[in-house]
Amino acid sequence: MTESSIRPTRRVRLPRLSSQLLVLGGFLVVVVGVFASMSANFLSTANVLNILSISAVIGLVSLGQVLPLISGGFDLSVSGVVPLAGVLFALLTNAGLGLVPALVVVLAAGGVVGLVNGLLITRARINPLIATLGTLSVVGGLALVISNGLQIPFTNPDVGALTSRGLFGVNNQVWLFVGLAIVVHIVLSYTSYGRRIYAVGGNVEAARLAGIRVNSVTSSVYVLCSMLAALAGVVLASQLLTGSGTAGINTNLQSITAVILGGAALTGGVGGVPGTVLGVLILGALSNGMALTHVPSFYQTIATGLVLLAAVGLSQIRRRLR
Amino acid sequence: MTESSIRPTRRVRLPRLSSQLLVLGGFLVVVVGVFASMSANFLSTANVLNILSISAVIGLVSLGQVLPLISGGFDLSVSGVVPLAGVLFALLTNAGLGLVPALVVVLAAGGVVGLVNGLLITRARINPLIATLGTLSVVGGLALVISNGLQIPFTNPDVGALTSRGLFGVNNQVWLFVGLAIVVHIVLSYTSYGRRIYAVGGNVEAARLAGIRVNSVTSSVYVLCSMLAALAGVVLASQLLTGSGTAGINTNLQSITAVILGGAALTGGVGGVPGTVLGVLILGALSNGMALTHVPSFYQTIATGLVLLAAVGLSQIRRRLR
Amino acid sequence: MDPTPVLSVDGVTKRYGENVVLDGITFSLAAGERTALLGENGAGKSTLAKIIAGSTRPDDGGIAVDGRGVRFTVPRDALAAGVSFIPQELVYVPALTVAENISLGAPPSRFGFTSPSAMIRAARKYADIAGFDLPLDTPMADISLAQRQLVEIAKAVTRQARILILDEPTAALESEDSARLHELLGRLSASGVAVILISHRLEEVFATCDTVHVLRNGALVRSSRTADLTPSQAIADMLGHEQSSTAKVDRCPSDAPPRLEVRGLRRTQAPILDDVDLVVREGEIVGLYGLRGSGADTLAETLGGLHPDAVGRIAVAGATMNRLRNPRQSWRAGIAYVPADRKSQGLVLIDSIRRNFTLPDLRRVSRAGWILRRRERAVAQNLYTRVRVRARSIDQTVGELSGGNQQKVLVGNRLLADAPVLVLHEPSRGVDVGAREEIHDILRGLADGGTAQLVVTSDIEEAVLLCDRLLIVHRGRIVDDIAFPTRADQARALEAAGGIQ
Amino acid sequence: SGGSTADASDGTMTVTFANYNESVPFFQVIHTTLDGLDPASKGVDVTWFDNKGDASTMLQNVQQMIVEQPNAMVLYPVSSATDGVSKLIADSGIPCVALNIDASACSFLNIDNAALGDESATIVGEIAKQRGWDASNTTVLIGQNAAAGEGVNAAVHHFYSTVADVLGFEAVAPDAISATTTTIGTNGIQFDGGSTLQPSFEAVQGLIASIPADRNIILYTVNNDSTNGALRALEDAGRGGADKLLIAGLGGDETGLASLKNDPRWVAEGDIFVSYWGEYAVAMAQALADGVKPPADVTPLPQLVMNKEQLATYHPDGTTAVAKLPPLNEDNRFLGDTGFLKAMGNVEGVE
Ligand SMILES: Nc1ncnc2c1ncn2[C@@H]1O[C@H](COP(=O)(O)OP(=O)(O)OP(=O)(O)O)[C@@H](O)[C@H]1O
Ligand SMILES: Nc1ncnc2c1ncn2[C@@H]1O[C@H](COP(=O)(O)OP(=O)(O)OP(=O)(O)O)[C@@H](O)[C@H]1O
Ligand SMILES: [Mg+2]
Ligand SMILES: [Mg+2]
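Residue numbers (our numbering), protein chains in the order written: chain G, 7 to 328; chain P, 7 to 328; chain F, 36 to 536; chain W, 6 to 356.
Do not take every clue at face value.
[To be verified] Here are the computed lysine to aspartate or glutamate pairs in the EDC-like style, where the Cα-Cα straight-line distance is at most 20 Å: (1) F:K378 / G:E211; (2) F:K378 / F:D177; (3) W:K92 / G:D164; (4) W:K266 / W:E240; (5) F:K378 / P:E211; (6) W:K266 / W:D248; (7) W:K249 / W:D139; (8) W:K313 / W:D123.
[To be verified] Over 10 Å on every C-beta distance to chain F, these chain P residues come out as not near it, computed from the model: (9) V40; (10) A46; (11) N47; (12) T51; (13) V54; (14) L58; (15) L103; (16) L135; (17) N162; (18) A167; (19) S226; (20) L259; (21) T299; (22) Y305; (23) A309; (24) G319.
[As the list claims (entries may be wrong)] Computed spacing ranges between beta-carbons, pair by pair: (25) P:G185 / F:V256: 58 to 64 Å; (26) F:G299 / G:R219: 53 to 59 Å; (27) F:G221 / G:G117: 49 to 55 Å; (28) P:G185 / F:G434: 31 to 37 Å; (29) W:A178 / P:T273: 51 to 57 Å; (30) P:A101 / W:N351: 28 to 34 Å; (31) W:K347 / G:W181: 49 to 55 Å; (32) P:A167 / W:R136: 30 to 36 Å.
Hints are computed from structural coordinates only; laboratory data are not their basis. No residue lacks a Cβ here, since even glycine has one placed at the ideal position from N, Cα and C.
Please construct the entire structure, taking both the sequences and the accompanying hints into account.
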């Protein structure tokens with residue numbers, strides 16, 4: 007029981023985490039390198055800011071999505087929450103509500119959707135796929151109903167300021183994303199709550215026997231996930247200056263992809279923020295780079311699939327070589 | 007039920023399966039009853055045939071999807087295989103190839119996609135979500151590339167016959183679905199291959215130690231799933247008399263929903279054809295009934311979500327009461 | 036005795052369907068008392084333990100802690116009341132490290148914040164208290180079954196509970212670790228912790244426990260002080276009748292041809308195998324005994340096809356290979372391997388007994404890929420009676436069986452194929468004395484029929500009783516070979532396993 | 006099929022073009038037809054982007070088009086969620102054409118959907134009236150794309166309103182029909198076909214049993230993909246008889262023109278010359294880059310609702326290729342002054 011018995015074993019864990027992050031980081035560097043060599047514009051400040059400002063929305067959703075994924079589930083309903091939040095935000099601010107109260111209401115609405123997800127999963131014991139697919143239908147339909155299928159432009163001129171350039175010329179939503187990424191990372195890695203999420207995802211029975219309030223933990227991650235999706239919906243609406251019942255309807259698969267690319271598994275118990283951020287950036291750089299280098303649209307779809315497989319395949323090989 | 011008293015050991019397993027099927031069947035009856043009371047046309051021969059002929063496509067995909075789900079994975083790429091098969095079938099028959107040779111080529115192409123999925127999952131150890139999402143991108147993109155994004159009407163006038171009314175006035179594709187449902191059911195329930203699929207899904211490590219070729223079994227279910235999806239694509243194209251790169255792009259979530267509604271779990275090892283068929287019929291009756299009673303599309307979306315949650319929630323409650 | 040018992044169980048009853056699993060169990064436990072729960076497989080011991088620990092709810096009856104009635108709905112409630120529980124089937128988080136598993140649920144934290152180093156420190160403290168040397172920073176998935184058991188014990192210690200329930204903690208432990216555990220239990224009970232120990236190893240029960248409660252068919256048939264009871268009386272209570280003699284059958288030295296021959300088997304990754312030579316002859320039962328990390332497990336796993344990186348010469352019934360690439364290859368070569376961990380490696384818990392029985396040899400019950408239902412039922416029913424599984428029927432889900440009965444299903448399904456070589460890894464893990472005897476009888480019967488058997492066990496007594504020859508493994512080498520071992524050879528075996536020549 | 010790289014230095018003009026959704030044939034032909042006309046040979050380099058029908062992709066594309074600093078840009082916006090991208094475009098100062106859906110920072114180039122609906126309804130309505138179809142025996146089936154907003158759906162709403170007028174149904178104002186309307190009085194049903202083949206097929210197959218078997222049916226939708234899907238469902242249900250069904254197409258695409266030519270049920274086609282939208286949009290982009298200010302708020306695209314007789318005049322070989330595009334009018338005459346449209350030489354009266 008001396009130090010020495012602990013030291014050597016330490017080696018095992020750290021490289022395991024960072025090896026995957028390294029592969030992902032390397033992959034991002036390769037993607038960036040390829041596009042930079044193809045187009046001088048790719049690494050221009052303006053374009054990098056573009057990548058970041060576009061990635062912020064899917065990034066926020068992914069920061070939410072990482073929580074249910076670690077806990078062993080996932081949340082398809084974010085694709086309904088994002089447009090619902092945008093529409094709601096537009097309706098509320100247009101009705102004269104201030105930006106902050108409107109934001110609070112929208113986040114609360116997101117929280118309610120998450121709570122419903124949580125209850126369906128923990129109380130009604132409906133599996134996360136069906137539960138969140140069901141709420142996706144309901145919430146997505148609601149977004150269209152309350153907007154009557156129409157686009158709702160903002161009448162409050164201050165809305166655009168939410169996503170305008172801020173500190174160092176970087177858009178506010180990017181800072182928001184960075185800040186929340188740090189917060190979520192700290193929560194996951196350095197709080198008892200975060201460790202409980204990993205425990206629940208790693209083995210729910212073990213967590214239950216260890217006295218963890220499994221149902222509360224599970225419900226809470228869906229609440230947080232939906233709230234982050236609602237926030238992403240507000241950001242997207244303020245980028246578009248319009249509340250739209252169809253804006254953001256692909257965010258569920260995109261965010262799940264980013265999080266899994268970042269090392270999470272559908273079986274739960276693994277994953278984290280650094281990998282997720284890398285996953286978001288890889289997908290963002292890829293889609294921007296292909297548009298910038300004028301890859302025809304259908305080939306973009308094909309290339310995205312191939313790159314996704316390559317990225318995940320590589321980190322698997324790296325893992326097996328250990 | 008007298009059977010069971012003679013062979014008392016039988017009692018245990020049958021009711022467990024049928025209790026869930028009963029709930030589902032009951033649910034279907036309720037759905038049908040509600041719509042029948044709202045519209046006299048709902049149970050008209052013509053409309054029932056409509057429900058069946060529309061359900062056949064998603065049914066064929068679901069018969070494929072049930073295999074990966076039982077084996078503990080799932081296949082998102084069917085949404086790419088269905089349109090690819092339709093486009094390919096249109097191009098091949100328009101180029102003068104006979105219907106049967108064209109069908110064989112299309113099924114083989116589907117098989118290749120499935121094999122790629124299988125290899126990605128078993129050899130590259132990429133998880134099924136990412137692997138099949140990746141091939142979905144690639145295959146879906148391919149469908150658009152080879153059709154150049156256009157609809158391809160069939161020039162061979164015999165194509166329509168594939169899905170025309172056949173025996174007893176029921177469309178051919180319905181008979182195809184019924185036949186294949188029986189075949190898949192028999193394979194799953196009465197063959198050693200079927201047993202192995204359940205074992206792999208139930209505990210992959212135990213299956214491996216029991217000497218089962220886990221990789222072959224896993225790969226094979228993806229091959230079969232893709233081939234059934236390709237067949238569904240041919241049926242859909244011949245219903246539409248057009249090969250379209252976007253026809254059938256929702257079949258992945260729809261089929262997974264039907265299979266899970268039918269009692270399968272994402273964790274693998276359970277599920278089967280009878281439940282899946284009921285799941286397909288519930289979804290088909292619901293969507294037909296709402297269209298028939300002129301429910302606006304946004305509300306249809308909401309109602310579908312609610313019914314889905316109700317159906318799964320109910321069978322859960324029933325299961326817990328046991 | 037203490038006037039208010041720390042735990043009293045009053046008329047606890049539990050039914051599964053029509054099956055009465057526990058029938059009005061009543062007993063109490065004083066602070067510092069160490070009690071043993073004994074009973075056959077399926078008698079209801081684990082169910083009772085789970086009820087006390089709040090992970091299962093009774094249908095009837097109540098529990099009082101410190102004289103106050105409690106109603107646990109989740110394990111959390113029981114933990115809060117001071118009850119700590121290690122279940123029979125270990126439940127842990129494979130992806131998390133040992134340290135994280137030890138502090139699972141209650142990581143050391145200040146204002147809700149914690150850190151990996153704080154968890155390591157806390158875990159080291161409790162591992163030290165328990166006296167275990169654990170690789171704290173290794174994921175749980177990467178350590179051996181025995182080590183996982185130790186982690187679970189350390190985890191239970193962190194709760195600083197007043198009632199500690201251990202469900203067959205020693206089933207997978209070798210003697211040294213068992214001794215450490217009992218020493219730990221002694222210290223805890225001295226400080227006032229009440230201990231409930233469930234075990235099929237009667238010697239340890241009689242050596243360490245103050246009182247004994249015997250369950251039979253869900254009823255409490257005996258509560259007494261250990262001092263007032265003999266092991267054979269306890270066994271009679273468990274079985275409901277006297278046990279037939281367990282005397283060792285005399286067997287002749289074998290000069291039959293080798294069925295399994297291993298030459299120069301090497302593995303460089305830890306745990307290493309260092310030039311292992313081994314012969315098992317037709318009809319011979321060879322035991323393999325070694326301490327944790329010695330390589331005994333690894334050797335068995337290699338023969339099961341789990342370590343393709345172990346290279347040498349392996350000859351099975353004539354065919355020679357230089358390695359076994361996967362379990363299928365080893366199975367096809369004629370080795371039936373019973374893995375150590377029935378839950379993760381052995382059984383499909385959501386499937387029925389029948390399906391589990393026939394899974395490894397579906398060919399026997401099918402024709403042209405078509406399952407012959409009647410033949411399958413007959414084969415399964417036959418095995419069911421042969422290994423004496425106690426269940427409702429061959430159609431019961433394996434996950435619903437008691438631990439020992441699951442073990443019988445596992446052993447049974449590997450017997451189906453009549454393989455020429457049988458490698459058994461902890462074959463009687465968690466089975467009761469009667470059933471262990473039955474399994475031993477079956478194995479001896481198979482040996483008489485010519486099957487060559489290699490038995491890896493952490494139970495030295497089993498090794499000595501069952502085997503015709505006992506090989507001792509230390510640091511990846513076979514260091515001793517004891518023919519026809521008797522109880523007298525136990526000390527020699529233990530010394531050799533510890534590296535003392 | 007990507008455009009060549011934009012390069013303004015050699016005197017050619019660069020235009021970036023963000024299309025609505027290239028996997029949908031309706032939009033795809035805008036791209037392929039313009040590619041086929043080889044704009045580079047007429048001094049314009051066109052670079053293509055695909056909004057993929059997704060508002061955030063559109064946002065990303067607009068950002069990137071601005072990074073490329075073209076001489077002008079064409080945006081086919083996704084829905085009307087355009088205020089955000091308008092702000093970016095306005096800030097960039099790059100001249101911009103909004104095609105079909107308006108964006109405030111861009112000059113709007115569009116067809117008149119309402120007029121298309123009205124004119125189609127007049128043609129079909131008259132034919133139906135001659136056959137003796139009236140409120141007692143006729144159902145009008147209109148197919149919207151609910152999520153696309155009123156701009157697109159105006160065509161079908163106006164169609165119903167006018168056809169109701171002609172056939173003497175209960176009068177319904179176009180704006181009385183919304184995205185959630187399904188039953189319109191006793192003679193109308195609106196379904197949501199999402200502008201695409203399969204969803205239209207499924208929607209109509211679902212509701213077909215609610216239309217009594219002896220009813221005559223008039224079918225009109227927002228585009229021909231949708232119409233074809235609906236038609237397949239009607240035929241499947243045995244409701245496709247030539248004496249019981251009348252169709253007005255919208256799009257002027259290959260299938261629409263072929264059907265107008267060969268299909269007795271298909272009696273009108275709203276030809277919006279959609280294949281040539283790219284040509285007009287690029288011409289307008291060139292005009293804007295040259296500093297021209299369009300005279301009207303909406304610069305009209307050519308459109309014409311054809312009956313069977315008119316088909317041969319405009320599409321003599323039955324393909325979407327036109328002999329001559331219709332002449333310009335006062336509101337879009339400035340397009341004819343651009344070098345691009347002159348070089349194309351396929352618009353009547355423009356040399
Ligand atoms: N996959 C693995 N990765 C890293 N270390 C491992 C792995 N498997 C086993 N070990 C380590 O090897 C050591 C011994 O393993 P194991 O228990 O299999 O040996 P054994 O000789 O069979 O022991 P015993 O018979 O006492 O169970 C342990 O310290 C364990 O941590
Ligand atoms: N979930 C369940 N459903 C149905 N029956 C169950 C369930 N759990 C346990 N049983 C039954 O309860 C009885 C008692 O099981 P229990 O696990 O308590 O036995 P045990 O005394 O611990 O046996 P062992 O020594 O084998 O561990 C067994 O017959 C078992 O089949
Ligand atoms: Mg037990
Ligand atoms: Mg061991």
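Outcome of the hint check:
Between F:K378 and G:E211, the direct Cα distance comes to roughly 14 Å. Compliance with the 20 Å bound is thereby established for this hinted pair. Proposed proximity of F:K378 and F:D177 is supported: the alpha carbons are some 16 Å apart, at most 20 Å. Under the criterion of a C-alpha separation no larger than 20 Å, the hint pairing W:K92 with G:D164 is consistent with the structure, at around 13 Å. A C-alpha spacing of about 19 Å is found between W:K266 and W:E240, which places the hinted pair at or below 20 Å, so the restraint holds.
In summary, the hint linking F:K378 to P:E211 is supported, as the alpha carbons are separated by about 10 Å, within the 20 Å threshold. Annotation: proposed proximity of W:K266 to W:D248 holds, straight-line Cα distance about 17 Å (limit 20 Å). Simply put, W:K249 and W:D139 have alpha-carbon atoms about 12 Å apart, close enough for the 20 Å limit, and the pair holds. At roughly 17 Å between alpha-carbon atoms, W:K313 and W:D123 fall within 20 Å of each other, so this suggested pair holds.
At the 10 Å boundary, the C-beta of P:V40 stays outside the reach of chain F, the nearest C-beta of that chain being 35 Å off. Distance check on P:A46: its Cβ is at least 45 Å (rounded) from any Cβ of chain F, clearing the 10 Å threshold; non-interface status holds. The Cβ of P:N47 lies farther than 10 Å from every Cβ of chain F, with a closest approach of about 44 Å, so its non-interface assignment holds. Non-interface call for P:T51 relative to chain F: holds, since the shortest CB-CB distance, roughly 38 Å, exceeds 10 Å.
Remark: the non-interface label on P:V54 is consistent with the geometry, its nearest Cβ contact in chain F lying 35 Å away (cut-off 10 Å). The Cβ of P:L58 lies farther than 10 Å from every Cβ of chain F, with a closest approach of about 30 Å, so its non-interface assignment holds. Every C-beta of chain F lies more than 10 Å from that of P:L103, the closest at about 33 Å, which supports listing it as non-interface. Every beta carbon of chain F lies more than 10 Å from that of P:L135, the smallest distance being close to 18 Å; the non-interface claim holds.
Under the 10 Å C-beta cut-off, the non-interface status given to P:N162 relative to chain F holds; the minimum distance is some 38 Å. Annotated as non-interface, P:A167 keeps its C-beta farther than 10 Å from every C-beta of chain F; the closest such distance is 34 Å. For P:S226, the requirement that its beta carbon stay farther than 10 Å from each beta carbon of chain F is met, with the minimum near 13 Å. The beta carbon of P:L259 is kept farther than 10 Å from every beta carbon of chain F, the shortest such distance being approximately 25 Å.
Distance check for P:T299 against chain F: the nearest CB is about 41 Å away, which clears 10 Å, and the non-interface claim stands. Distance check on P:Y305: its Cβ is at least 39 Å (rounded) from any Cβ of chain F, clearing the 10 Å threshold; non-interface status holds. A cut-off of 10 Å between C-beta atoms confirms that P:A309 is not in contact with chain F; the least separation is 33 Å. Distance to chain F confirms P:G319 as a non-interface residue, since its nearest Cβ pair spans about 22 Å, more than 10 Å.
For the hinted restraint 58 to 64 Å between P:G185 and F:V256, the CB-CB distance of approximately 59 Å keeps it satisfied. The hint said 53 to 59 Å for the Cβ distance between F:G299 and G:R219, and at roughly 55 Å that hint holds. Checking the proposed 49 to 55 Å range against F:G221 and G:G117 shows it holds: the Cβ atoms sit about 52 Å from each other. At about 35 Å, the CB distance of P:G185 to F:G434 agrees with the hint of 31 to 37 Å.
For W:A178 paired with P:T273, a C-beta distance near 55 Å keeps the hint of 51 to 57 Å intact. The given range of 28 to 34 Å is respected by P:A101 and W:N351, whose C-beta atoms sit roughly 32 Å from each other. Our hint of 49 to 55 Å for W:K347 and G:W181 holds, since their Cβ atoms are close to 51 Å apart. Remark: the range hint 30 to 36 Å for P:A167 to W:R136 is upheld by a beta-carbon distance near 31 Å.
The structure meets every hint from the earlier list without exception.
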